[in-house]
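Hey, can you work out the whole structure from these sequences and the hints?
Protein chains in written order, with the working numbering: chain E, 1 to 139; chain Z, 1 to 139.
Read the hints as simulated data drawn from the structure, not as lab findings. Don't take each hint at face value.
Given that identical chains are not distinguished, each listed pair holds provided it fits within a single copy or across any two copies.
Think about it this way: if two alpha-carbon atoms lie no more than 30 Å apart in a straight line, the pair counts; the simulated BS3-like pairs of lysine-lysine are [unchecked claim]:
1. 38 - 56
2. 9 - 45
3. 87 - 45
4. 56 - 87
5. 2 - 56
6. 9 - 56
There are 2 protein chains.
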Amino acid sequence: MKGVEARRKALALVERSGIALVGSNSGDGHPWIKAMLKMETEDLKTVWFSTNTSSKRVAQFREDPRACVYFVDFSDWMGLMLIGQVKILSDPESRQRIWREGYETYYPLGVSDPDYTVLRFSAASANYYHQIDNLTFEP
Amino acid sequence: MKGVEARRKALALVERSGIALVGSNSGDGHPWIKAMLKMETEDLKTVWFSTNTSSKRVAQFREDPRACVYFVDFSDWMGLMLIGQVKILSDPESRQRIWREGYETYYPLGVSDPDYTVLRFSAASANYYHQIDNLTFEP
Numbered sequence: 001m002k003g004v005e006a007r008r009k010a011l012a013l014v015e016r017s018g019i020a021l022v023g024s025n026s027g028d029g030h031p032w033i034k035a036m037l038k039m040e041t042e043d044l045k046t047v048w049f050s051t052n053t054s055s056k057r058v059a060q061f062r063e064d065p066r067a068c069v070y071f072v073d074f075s076d077w078m079g080l081m082l083i084g085q086v087k088i089l090s091d092p093e094s095r096q097r098i099w100r101e102g103y104e105t106y107y108p109l110g111v112s113d114p115d116y117t118v119l120r121f122s123a124a125s126a127n128y129y130h131q132i133d134n135l136t137f138e139p
Numbered sequence: 001m002k003g004v005e006a007r008r009k010a011l012a013l014v015e016r017s018g019i020a021l022v023g024s025n026s027g028d029g030h031p032w033i034k035a036m037l038k039m040e041t042e043d044l045k046t047v048w049f050s051t052n053t054s055s056k057r058v059a060q061f062r063e064d065p066r067a068c069v070y071f072v073d074f075s076d077w078m079g080l081m082l083i084g085q086v087k088i089l090s091d092p093e094s095r096q097r098i099w100r101e102g103y104e105t106y107y108p109l110g111v112s113d114p115d116y117t118v119l120r121f122s123a124a125s126a127n128y129y130h131q132i133d134n135l136t137f138e139p
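Following this line, the structure appears as structure tokens:
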């Protein structure tokens, strides 16, 4: 598997995945995992999520922004691990960008609800595997 | 959702999952995730895996045994995170227990192949969610 092929397959996996697994450090440095809806992506470099400002993950990323984002296809032994950092965003532009119809149910005050937070993950490294093929590359 | 119901649903999720996501700390304390075949489980307390002795995860768990094991059903917004520690085992009994037909392909020297390693994860805490229900309990 060459780099070009790995990148193409990894992008296809990201595009068809609605959910990503997000790895974080808890306060005591213990690894945690959470399934989150993938809201938007830019190439393999950036993944956008949204969550409650009061959530455990926001508290964890405030203390330690290091994260990994994992996309997986259980049916074909295929996965992509992106290693990077999470930025917690509350600017109006980011809030508007990730806001979706129906979010009022969770955030009654709308797009400026203080409990609505946007997370932007930036990848520094990518590892893609498919069956026994495995490649690490710059995302 | 009561504790008894969460435990019952969590156990059913574990039983029907062939693959678990394993969270580890890399050498620099960065969270990593890897999909691994779930080999055996005991209640929600213990999960057995096997891997190559030369693998990155074995090196990581040697430095920091803290781990989480995550079972997820993407189709029904359901997941279980077990928080605990990994023990790296190489005793004959554990090797024999997890050894499966066909492993000779990966470990040509058989059950005593030095590159064959058993990982036994022990959970200290469990968090199960289904839709908007979420419960943390002792596994």
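Next item on the list: Hint by hint, work out which the structure violates, then give me just those numbers in ascending order.
Entry: none
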